[in-house]
Every structure is written in structure tokens, then in C-alpha cells.
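For this one, chain E is given, so just place chain A on it according to the hints.
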Amino acid sequence: MSVIEIEKLTKYYGKVLALDEVNLNVQKGEVFGFIGPNGAGKTTTLRILMGLIRKNKGEVILLGKDPWNDAVELHRRLAYVPGDVNLWPNLTGGEVIDMLGKLRGYFEPERRDELIERFRLDPKKKCGTYSTGNRQKVALIAALVSDVELYIFDEPTIGLDPLMELVFRETVHELKKAGKTVLLSSHILSEVEALCDRVSIIREGQIIETGTFKELRHLTRTSVFLETNKPITGLENIGGIHNLKLQANQAQFSVDSDKIDLILKHITQFQVQSFISKPPTLEELFIRYYGRDNGAN
Amino acid sequence: MEIDLKDFSGTRAFIKLILRRDRIILPVLLIFLIFLFISIAYAYVFTYSEAALREAMVLEITSNPGSVAFLGSIWDSSIGGLVAWRSSVIGPILVALVGIFFMVRHTRSEERKGRLELLNSTAVGRHALLTSALLTTYGFNIILGGVIVLSLIFFGLSWEGSIAMALSMTLFGCLFASITGVAGQLTDSSNDARYISLGLLITFFLIRIIGWDDGEIAWLSWFSPFGWVHHLHAFADEEWLILGLFIIFTIILGILAYYLSYNRDMGHGIFPQRKGSARASITLNNVMGLTWRLQRKNLFFWLLSFSVMGIILGQNAQTVTNVFNDSPQLMNILSQIGGTTDPLDNYITMILLLLGQVFAIYGMATVLKLRSEEIKKHSEFILTNTVSRSRWISSNLFFALIGPSLVLLVFILTYALSYSFISGNMMQDLVQLICAALVYLPAIWVMVGISLLLFGLVPRLTSLSWVILALFFIINFLADLLDLNQLIRDISPFTHVPNLLIGGNVGWVLVLMLFVSFFLAFMGILGYRQRDIT
Chain E
14 MSVIEIEKLT KYYGKVLALD EVNLNVQKGE VFGFIGPNGA GKTTTLRILM GLIRKNKGEV
74 ILLGKDPWND AVELHRRLAY VPGDVNLWPN LTGGEVIDML GKLRGYFEPE RRDELIERFR
134 LDPKKKCGTY STGNRQKVAL IAALVSDVEL YIFDEPTIGL DPLMELVFRE TVHELKKAGK
194 TVLLSSHILS EVEALCDRVS IIREGQIIET GTFKELRHLT RTSVFLETNK PITGLENIGG
254 IHNLKLQANQ AQFSVDSDKI DLILKHITQF QVQSFISKPP TLEELFIRYY GRDNGAN
Chain A
81 MEIDLKDFSG TRAFIKLILR RDRIILPVLL IFLIFLFISI AYAYVFTYSE AALREAMVLE
141 ITSNPGSVAF LGSIWDSSIG GLVAWRSSVI GPILVALVGI FFMVRHTRSE ERKGRLELLN
201 STAVGRHALL TSALLTTYGF NIILGGVIVL SLIFFGLSWE GSIAMALSMT LFGCLFASIT
261 GVAGQLTDSS NDARYISLGL LITFFLIRII GWDDGEIAWL SWFSPFGWVH HLHAFADEEW
321 LILGLFIIFT IILGILAYYL SYNRDMGHGI FPQRKGSARA SITLNNVMGL TWRLQRKNLF
381 FWLLSFSVMG IILGQNAQTV TNVFNDSPQL MNILSQIGGT TDPLDNYITM ILLLLGQVFA
441 IYGMATVLKL RSEEIKKHSE FILTNTVSRS RWISSNLFFA LIGPSLVLLV FILTYALSYS
501 FISGNMMQDL VQLICAALVY LPAIWVMVGI SLLLFGLVPR LTSLSWVILA LFFIINFLAD
561 LLDLNQLIRD ISPFTHVPNL LIGGNVGWVL VLMLFVSFFL AFMGILGYRQ RDIT
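Those protein sequences? They're chains E and A, same order as listed.
With my numbering as the guide, the letters of the first sequence map in order to residues 14 to 310.
With my numbering as the guide, the letters of the second sequence map in order to residues 81 to 614.
What the hints contain is simulated information worked out from the structure, not anything from laboratory work.
Owing to the predicted nature of the structure, the values given are computational and were not obtained by experimental measurement.
Do not rely on the hints blindly, as some may be mistaken.
DSS-like cross-link-like pairs, simulated, lysine-lysine; straight-line CA separation at most 30 Å [what the hints assert, rightly or not]: (1) E:Lys21 with E:Lys227; (2) E:Lys41 with E:Lys137; (3) A:Lys377 with E:Lys137; (4) A:Lys377 with E:Lys138; (5) A:Lys377 with A:Lys449; (6) E:Lys139 with A:Lys355; (7) E:Lys138 with A:Lys456; (8) A:Lys456 with E:Lys139; (9) E:Lys272 with E:Lys258; (10) E:Lys258 with E:Lys190; (11) E:Lys70 with A:Lys456; (12) A:Lys457 with E:Lys78; (13) A:Lys457 with E:Lys137; (14) A:Lys449 with E:Lys137; (15) E:Lys258 with E:Lys291; (16) E:Lys21 with A:Lys457; (17) E:Lys115 with A:Lys377; (18) A:Lys355 with A:Lys377; (19) A:Lys449 with E:Lys115; (20) E:Lys278 with E:Lys227; (21) E:Lys189 with E:Lys78; (22) E:Lys115 with E:Lys190; (23) E:Lys137 with A:Lys355; (24) A:Lys355 with E:Lys138; (25) A:Lys456 with E:Lys115.
Taking CB as the label site, the calculated pair distances span [stated by the list, open to error]: (26) E:Arg133 with A:Trp302: 56 to 62 Å; (27) E:Ser144 with A:Trp588: 34 to 40 Å; (28) A:Ile104 with E:Gln265: 30 to 36 Å; (29) A:Lys457 with E:Gln260: 53 to 59 Å; (30) E:Pro50 with A:Asn565: 55 to 61 Å.
Don't be surprised by glycine CBs; every beta carbon is placed ideally from N, CA and C.
Bound conformation, chain E alone (with noise of 0.2 Å):
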């Protein structure tokens, strides 16, 4: 069952065009990780889905309902974390938890406490006087303290700590678990690598690949290192090899997944003694689409 529905969106800042034809589909009880660049359109998405910007075209279903008319209704719905947080600096953090929570609706005092000590807050200081960091992780409880059926993320993990960053990761692990769904916008790769089902990439407004991890290396290779016996000849000659670097009984190179049974059918003949492969990180997926090399390495 889809819990967002996203068609074709097209948004204009005046003569800019932010987002260009985007789809989206997010599944219940997935975790769902959208990535991209700064500036690639994931914060107006987003926001077009929080009912604070109007889009130009296209559809957009958030949960059945449309997101700028039925706003109101939605909002009880879901719990959403902007990138960027700036709180009333007068207010303390659990005052703001205690304020959005019950606005929302009925929020537990246990998981807002339960949260407040995992998370390290102090929930006493204003928050004009929090770091960064801090302010992030007043948002963050506030979103998680209500017991909703979609979480939305915008770069959550920006300023916080290598700790808390793991204390977030476990909660969206209980969320998942718990058969929530959550959208997340990320651009640490590690994080949504961790974390995610399935991503999209979007870069310029436009939306590259969604898939699955899988499916999205399926389309990227491989890193191939290589100690052998004899000396390595012929690999220049096979095609879907790339960025070789080759010195008598060493080779290092990266392969198309395609061609990975026939590498290895022609380096066997040099009887191999050390062969380390490693599936590419999302960071070098990332670099794929993002550095300008389509073909040229």
C-alpha cells in the first residue's frame, strides 16, 4: 500500500525550476531514503509534502489525501523533522517537546522521558542557548514522541554526534519494527546505507534511479583486487573493465557487474593468490552520477 504518491511533480521557484517531473513511491513500513546533492530539490519536495509550498503540476498523494487541502488532518498523521532547526529561544527543549507533542495529539510521558535521557538533552536550558546539535535533538524527540503512522526526516543527523547518530539509527530500527514507514532525506550516504529499503537519488530537480541497494548495484561495478602466480596479460582486451592498474602480478581494476564470470574465467589461467572484491558504496554510486565521468574513466 502506498503511503506517498508522487507523479510527475513540477515546481517553479519564479523561473527556476526546482523540481522537474519527479516520482516518488513510498511503501508502507518501508524506510525509505532520499538522496541527492544540496540544492537537488529533496528539501522542496518535502516541504510540498508538508503542505508549506504548492506545487505546479503533477499529483501528489500523502496517505490518501491531498497534502495542502487536507493539511490539518494529515499533520495528526505524521511527524515531521526539518533540515535546518530553529527553535523559539526563549522556550526551553521540553517545552517545545511537551507543546508540538500535544498539539499533535495525545503524546506518552514515558517515551517523551525514555527519549530525553537516550538522546542526552537537557531539557531545562532555552533553546537559544543549545548547540546546534541540541536544537537538532529537541526536533528530533518531538517527532518521535508521538505515535504516528509516517515519520519524515529532512537531513536529521546533521550536527549530531557519532553517539547520537547511532541512538537515532536505533530508534527508526524500532520504528521499522514497529511497522511505522519513514521518509528520510539524507546526503550521508552511511547513514542511508544503513538504514534505508530503498532509495532515490535526485539530482537538479530530476530523479536519477529508485531501487533497492541491489538493484542499484546491479548497475555500477565492481572493485577487483588481484594478486597472482604469473604475470597478468590480456585484461586491456576485455571490455567492461575499467580504471586498471596493472604491474606484472598485480591488477587493480573495477568490472561491469555483467562481466564479472568472465574476468574471473580469464585471470583463473594465472593461477591466483589473493582476490579481494568489494561491492561499491553509495558513495561511489553517488560519485558515479554526481562526478561528471559517464564513460570517461
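Chain A alone, transformed into the frame defined by chain E:
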């Protein structure tokens, strides 16, 4: 505290930054102020060039107890004397306001927004920020003073008087720049710095009123810079030494600002930040509660200021009207000029006339908070929660409409109470008095409507509402001076407010203004519901 030149490095860069950031607003403010001063001069030079006319005018003014209390007595009926007199209240107030907001903007607000940390990571001295703000503010005032001198001399006024008057304005502005410099060091909130400085301005103003010339404690006026401007006697045998008072205090306070700045941490004030409560109180359960929390400090400031003002003016009313009641000549003149023979009515009417637009500032500021909440991305937390845009804007609109009403009411009540307490007789017709004050509300609400309209339709231009208020202010201020065309006068909603105590009547215009204000607000709400949240 040692003086190390390194501490000032980067001052020039900061100054350039300030001038670049405010490259539009500074000239605009300068032109606005100069325009004001020049119009005053122009009015008296051309409209009142005949001595007889001036004598009559002086008589008329001095027979209105409100004018005397608020605007001070006229030293000399020459053109210059009248120009100096008319500028002696509004001039310093405006100049101080510009100085206060400018200083806070370029000291406290900078730290607040964390820009300062970024800037300070470059090779910038610890005193550079304060110095740059002070120097630019001083510079602004000096330029203003220079233009004033030149224009006055151009109009044919004596050079001593012109210089004296111009210097009093310049130095008043510089003094308040120093005051705000100190205020900015005391707390870590830019709002509090503004409140402190504005509070001092209001206090000084009230002190001068209490210490008015024909009263028993006239010496009190020496405790107020407004009094200094008054006692300078520009165009009437100037007491130059008074300028020394300005200079001394400007310097002392400036040094104090540096001392405090030297001794505190960046981002914090001298007074430490208090912790708050861990849980939200019951009042924070809904949108109204949040709005109340955000607006209450402002409301309290205005209520406090105007209740004090009401008390002072009430007490002053007694003293002033006594003088009039004891003088049959003055009573005679009063009755000839028209209106009632009750100096008390004239008094409060004059005061309401002068203060009416000030209440509008409060209403507008309340609406403008919506815009600042949007820019600071605070309201996003509310709008992405279960609060509709209508509800958010309405709860703020409520404060914008009710707030000024409360302040007006409190003002007039404290005034009446204070007067009856001192004089022993119950102020006649309290109801009539309250009505005379409340009749300003439609005009105030029109200003609120205008601000809301801009916020809802063209949010980037929300600050334009201040320009519109300034425009209306100029129209009303100059209306009598320059004998403006009635058509132009009618543009300002404040022109249409009747003076109930001296014969005015509630007319359909007031009802029309109510409709206009609600229509404007309604359009603003509609616009807000339709547009993107930036």
C-alpha cells in the same frame, strides 16, 4: 582594561559591511529625517513669516495646556525660535529611535545570529563590532546635523541658532547610540536591549514632562536629555555649555560599553541566562498559548510604559490646568480659539492626537512578528503540526487588535485615576474620556490591516508597512504646519479620528474604517492561505 590597537582591527571592514547591508535604508532614513526638519523650517519661514502671525500662534499654543506639557514652552517667537521649539520633541525622539534600532541591529543581532562567530574567526579584534556600530551611528547623526545646519541657514535663520539646534539633534542621537551600546552588553537578547533603550527614552521624556517649565519641580528637567535640548535655547540666546553635557555622557557611556564588552563572553550578556522549566505549563497547550508566550513581553512593556505615562500625564494635567484656571487671560484666549473652555479637555485631546499613531506601532509590530517567525522558520513547526494557517494567523491577529485596545484603555484609565487622585475631584465623565481614546482604534486597526495584507500577499514587502505609517505620520504632522490640502490629509486614517472632547462626533467614517481594516485583514489571511511559506 588596556587599550590594544589590535582589538580594533577589522573595524573598517565591519563599517564597510554595515554600509553595504544598509545601503538603502540609511539614505532613506536620512532623507526622511531631513525632510521632517526641513518641512518644519519651511512651514515657519514661509507660512509664519509675519511677526504678528507668529505672536498669535504662540499665544494659541501656550494656551493649550497639552502643548505646553508635551512640547515645552516657546522661548522666542522668532522664526528660529518656533522651528527649534517644534523640533525639540519629535526630532530627538526620531533620532534616538533610529540610533537604538541601528545599534541593536549591528551589535546584539549580529551576535544572536551567530554571524559574529563566523566573522570573528577571521582576524577581527574584540572591539571591532561595537566600534563600527558606534562610528556609523555617530557618523549618521553628524551628517544629519550638517544637513540641518545648511538647510536652516539656507532658509535665512541665524547661524548660531542653526548650529545649536543641529548639534542638539546630532548629540542626542550620539548619546542614545552610546546608551544602546551599553544596553546591548547587559543582556543576551536583542529584544531586551531594545526594551532597555526604549524604556530609557520614554523615562527621559516623562521626566521632562514632570519637570515642565512653569511647574514646581522644573529643575527635574535637567535630569533628562530632552530637558537639555529644551534648555539649550536655540535661537534664543544659546547656552552652549549644555552641549558639553551631551558630550560628556556620550563619552562616559561609550567607555562603559567597551568596558562591559571587554568583560563578557560572546553571545552572552553580563546578566546570566536563566534556565527554564523542563515541562510545558498548561498555557502552552495550544496555539493561543504559544502566541501569548511570544507576545506577552511586548504587551507588558507597552502596558507598563503607558500606564506610567498615564500616571505622569494625569498628575501633570492637574498642575498644568491649575495654572490655566488661575489665569483669566489664558482662559479668555482659550475660549476665543474655540472648542471648550475646559483646559483639561484640550490637554488630553492634544495628547491623544500626539500619541494616537504610537499605539498603531504596537499593533503593527505584533503583525510583523508573524513575518519574523516565518523567516526564522519557527512557524514551520506549528504549520507542519496540526495548526492551520488560518488559526495561526488569527491568533496573532487577535493580539494585534486587542493589544493596542488594552494599552489605550490602560493609558486613559491610569490617566484618569492619577488625575482624580491628585486633584481630589473625580474626573468628569470617565466614559466620555474612554470613548475619546477608543475612537482611535479604527485608525490603529487600519494600520494592522495594512500590515497583515502585505504579510499575506507580498511577504517580502511586509516592512513596507512602516513606510506607510511614516507617510501617514508626516501627513498628520505637517497637516497644520503647512496647511495641507484636505485631499492629502484624508489619505491618513488618523485624520478621520474625531476629537470627541472638543466637539467632534462619531461619524460614519469610523465605521467605514472598521470595515476597511477588517477587509484588509481578511485579504491578508486569504493571501497567506494561498501562498508558499518562504
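- Message: So if I understand the rule, the pair passes when the alpha-carbon distance is 30 Å or less; does Lys137 of chain E with Lys355 of chain A pass?
- Response: Given that 30 Å is the threshold and the Cα spacing comes to 6 Å, the pair holds.
- Message: Next pair to validate is Lys449 of chain A with Lys137 of chain E; report whether the Cα-Cα distance is within 30 Å.
- Response: At roughly 25 Å apart (the allowed maximum being 30 Å), Lys137 of chain E and Lys449 of chain A satisfy the hint.
- Message: Given the hinted pair Lys377 of chain A and Lys449 of chain A, is their Cα-Cα distance within 30 Å?
- Response: holds (13 Å)
- Given the hinted pair Lys272 of chain E and Lys258 of chain E, is their alpha-carbon gap at most 30 Å? holds (18 Å)
- Item | Straight-line alpha-carbon gap Lys457 of chain A to Lys137 of chain E, limit 30 Å | With a Cα-Cα distance of about 22 Å, the restraint between Lys457 of chain A and Lys137 of chain E holds, given a limit of 30 Å.
- Holds or violated: are the alpha carbons of Lys377 of chain A and Lys138 of chain E at most 30 Å from each other? This hinted pair holds, its Cα atoms lying about 19 Å apart.
- Message: Does the beta carbon distance between Pro50 of chain E and Asn565 of chain A stay inside 55 to 61 Å, or does it fall outside?
- Response: holds (60 Å)
- Item | Pairwise hint evaluation, Lys78 of chain E against Lys189 of chain E, where the allowed Cα distance is 30 Å at most | holds (23 Å)
- Does Lys115 of chain E pair with Lys377 of chain A here, judged by a C-alpha cut-off of 30 Å? holds (24 Å)
- Does Lys456 of chain A pair with Lys139 of chain E here, judged by a C-alpha cut-off of 30 Å? Given that 30 Å is the threshold and the Cα spacing comes to 16 Å, the pair holds.
- Is it true that the C-beta distance of Lys457 of chain A to Gln260 of chain E lies inside 53 to 59 Å, as the hint says? Given range 53 to 59 Å: holds, Cβ gap about 55 Å.
- Hint check for Trp588 of chain A and Ser144 of chain E - Cβ pair distance inside 34 to 40 Å: violated (59 Å)
Of the numbered hints stated above, those contradicted by the structure are hints 2, 10, 27 and 28, listed in ascending order.
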